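**Q** Read off the chains here:
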Amino acid sequence: MTSLDTTKAGRGTGSLSPLFFKRVLKLVSTIAATFLGLLFVTFVIGRVMPIDPVLAVVGDKASKEVYEAARVAMGLDQPLYVQFGVYIRDVLSGDLGNSLLTSRPVAEDIARVFPATLELATIATIFGVVFGIPMGVVAAVHRGRWPDQVIRVAGLFGYSMPVFWLGLIGLLVFYGILGWVGGPGRLDIFYEDTVPQVTGAILIDSLLAGDLEIFNNALSHIILPASVLGYYSIAYISRMTRSFMLEQLSQEYVTTARVKGLSETRVIWGHALGNVMVPLITVIALSYAQLLEGSVLTETVFAWPGLGFYITNALLSADMAAVLGGTIVVGSVFVGLNLLSDLLYRLVDPRAR
Amino acid sequence: MTAKTVQTCEPGLKAWLTTDTPRSRGQARMVQFYLGWLSLSRNPLAMIGLAILLALIVISAIAPWISPHDPLQQTLANRLLPPGSPGHLLGTDELGRDILSRLLHGASITLYIVTLVAATAPVLGLVVGTLAGYAGGWIDTVLMRLTDIFLAFPRLVLALAFVAALGPGIENAVLAIAITSWPPYARLARAETLTIRNQDFISAIRLQGASPARIIAGHVVPLCLSSVIVRVTLDMAGIILTAAGLGFLGLGAQPPIPEWGAMISAGRKFLLDQWWVATMPGLAIFVVSLGFNLLGDGLRDILDPRSGQ
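Read top to bottom, the protein sequences are chains F and C. Position 40 (the first sequence) corresponds to 111 in the working numbering; numbering is contiguous. Position 5 (the second sequence) corresponds to 794 in the working numbering; numbering is contiguous.
Everything labelled a hint here was simulated from the structure, so no lab data went into it. All of these numbers come straight from a predicted model, not from anything done at the bench. A virtual CB, placed ideally from N, CA and C, is assigned to each residue, including glycine. It cannot be assumed that every hint is accurate.
Unchecked claim - Quick list of in silico lysine to any residue cross-link-like pairs, SDA-like style, CA-CA up to 20 Å:
1. 1058(C) / 93(F)
2. 97(F) / 935(C)
3. 1058(C) / 248(F)
4. 97(F) / 933(C)
5. 1058(C) / 250(F)
6. 1058(C) / 376(F)
7. 1058(C) / 255(F)
8. 93(F) / 930(C)
9. 803(C) / 828(C)
10. 97(F) / 937(C)
11. 97(F) / 930(C)
12. 97(F) / 927(C)
13. 97(F) / 940(C)
14. 97(F) / 934(C)
15. 97(F) / 929(C)
16. 1058(C) / 97(F)
17. 1058(C) / 240(F)
18. 1058(C) / 256(F)
19. 93(F) / 934(C)
20. 1058(C) / 245(F)
21. 97(F) / 932(C)
To be verified - Covered by chain C, per the in silico footprint, the following chain F stretches (three or more residues, Cβ under 8 Å):
22. 102 to 111
23. 359 to 367
24. 372 to 386
25. 407 to 416
Could you build all of it, start to finish, from the sequences and the hints given here?
**A** Encoded structure:
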């Protein structure tokens, strides 16, 4: 009874109850544990690999003394738990090691390529929201009839298509045959490095520089990879919207609204969809996180110079520091978005406080 | 629905399968299975999915006999022939190998990957989930915290990192997929175990002196199986896509094995002029993955009507 009372009091005054802070604290500790687990896994992966990290640095012609000296310098003579402690300290201070491929700090490399991935995933998520939500609503309203079936099958196609193959077919048709869009890369080659980098997102930077020509070129390059990546997002968001909407449409307040004489449009798009938006926040955040990950394959196909492209290039040259650094960054964003969606959910839905 | 079927059916096997007073546990299970099958067979999309999967199994079994050519045989004089060329229905690749033969042989590799993942990830999840659910207390807390941590990881990127460390190859790719995909099964198995744990029949077995290991392995796990199997079917399309993605990045099956993802990767170089080399294996992946999705969707409709329909 008491817990119910506090919830009521909390809602009445519009303030956040102590229970809310307790839950947030619990959430933060969960996130910390998850992050620690992520670091543990990347640490283990870095240790199980068959390539000797010392040999990779000193070369296989080094004498025993040089090899030993390098081993001590890299801290590999320490017990594993000490090495793990050092590893955590390094990562927390932003040191992800040096890349073999670019011979620069991995953190610097990632900071340089990340905006491209973020730009791509953001546009793809916008596609997912703009198309996915209305499709889900339409499917729920016409449940079991042909619009529902069409949307369902379109969604299943999205789940079943290998994203890298869809990208290749898209390039073949829209770039190779029709010539409607720009090819691989973020810009045509003669536009490269002509825009002053402010945010790292070319669409925004070119607008800031007032250069519409570059903006259009960048748009023609991003539209195809973003659509390919967004297809999955559309499928996911529309499916979730549909199931949330079905739940809402069977509620009594919907009947009440109809009895009151509200138009069907207002009932569906105003009342029901408004309540669906709360759980949808979580879905959108999750799909955004998945797109950041899905960009690994899409970026490889479109030679899109983002994090995914960076990771796959590092993979092919056995550059483990770069691979693990990329994994940590993607993992952290994943965990961060989970936290964010959970917090937003609690803020928006008074029942969750 | 049940009553009507019982009234109209003929005596014999069908009556035995549709009775509402089964005489043994085996019969009860068969009745349940048959009624599930009846409603699944009314769903044309699910039936298409089932047909695709059966075709995959049959093709991978008889591929050596129906393939027009040896999938590994290179004939450089015949390289990059377009589809419809004499003797090469779907054309040839950059080394003059027959694409149709390679696709047919690739079916067994896809099936091999699917089977290996299905035999590892759910088993690991079942062990963790039933143990956590049955034991409770701190074991439950530790195991579930571990599951949550793994659940929050980016699966594809983590699988990539694992394969990069272990070295490329089908088995390592499967291992990486299994390591990153067991947590949902553990969650599911734990939830099922919690509902089973406190039932009277479990207490009865415990009073008879059965050990926890025996109770879990002999009584809890079998009851969790059906929901785990449905979940595996639903996940299989994603697993096929991940495996194909690893192959595409050169981390899965190594050449000259005709793995579909690796075939797309090889065909990528000729995309604009010889489109068929990359397109055909992609279609194969799409069809198989669609088959799993259609069947999984149908199964979910039957077992959890609330989420579908």
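**Q** All hints are to be evaluated individually against the structure, with a verdict given for each.
**A** Comparing the hints with the structure gives:
1. 1058(C) / 93(F): Not OK: residue 1058(C) and residue 93(F) at ~56 Å, beyond 20 Å, violated.
2. 97(F) / 935(C): Given pair residue 97(F), residue 935(C) holds - Cα atoms ~16 Å apart, limit 20 Å.
3. 1058(C) / 248(F): holds, 16 Å
4. 97(F) / 933(C): With Cα atoms ~15 Å apart, residue 97(F) and residue 933(C) stay inside 20 Å; holds.
5. 1058(C) / 250(F): Holds, at about 19 Å.
6. 1058(C) / 376(F): holds, 19 Å
7. 1058(C) / 255(F): holds, 13 Å
8. 93(F) / 930(C): Holds - the C-alpha atoms of residue 930(C) and residue 93(F) are around 19 Å apart, at most 20 Å.
9. 803(C) / 828(C): The given pair, whose Cα atoms are some 15 Å apart, holds under the 20 Å limit.
10. 97(F) / 937(C): holds, 14 Å
11. 97(F) / 930(C): holds, 14 Å
12. 97(F) / 927(C): Cα-Cα ~17 Å, so holds.
13. 97(F) / 940(C): holds, 18 Å
14. 97(F) / 934(C): holds, 13 Å
15. 97(F) / 929(C): holds, 18 Å
16. 1058(C) / 97(F): At roughly 51 Å apart (the allowed maximum being 20 Å), residue 97(F) and residue 1058(C) break the hint.
17. 1058(C) / 240(F): Given pair residue 1058(C), residue 240(F) holds - Cα atoms ~13 Å apart, limit 20 Å.
18. 1058(C) / 256(F): holds, 16 Å
19. 93(F) / 934(C): Given that 20 Å is the threshold and the Cα spacing comes to 18 Å, the pair holds.
20. 1058(C) / 245(F): holds, 17 Å
21. 97(F) / 932(C): This hinted pair holds, its Cα atoms lying about 18 Å apart.
22. 102 to 111: Coverage by chain C holds for the stretch 102 to 111 of chain F (4 residues, Cβ < 8 Å).
23. 359 to 367: Since three or more residues must qualify, the claim that chain C covers the stretch 359 to 367 of chain F holds, with 5 doing so at under 8 Å.
24. 372 to 386: holds (count 4)
25. 407 to 416: Per the Cβ count (1), the hint is violated.
When the structure is compared with the earlier hints, violations turn up for hints 1, 16 and 25 and for no others.
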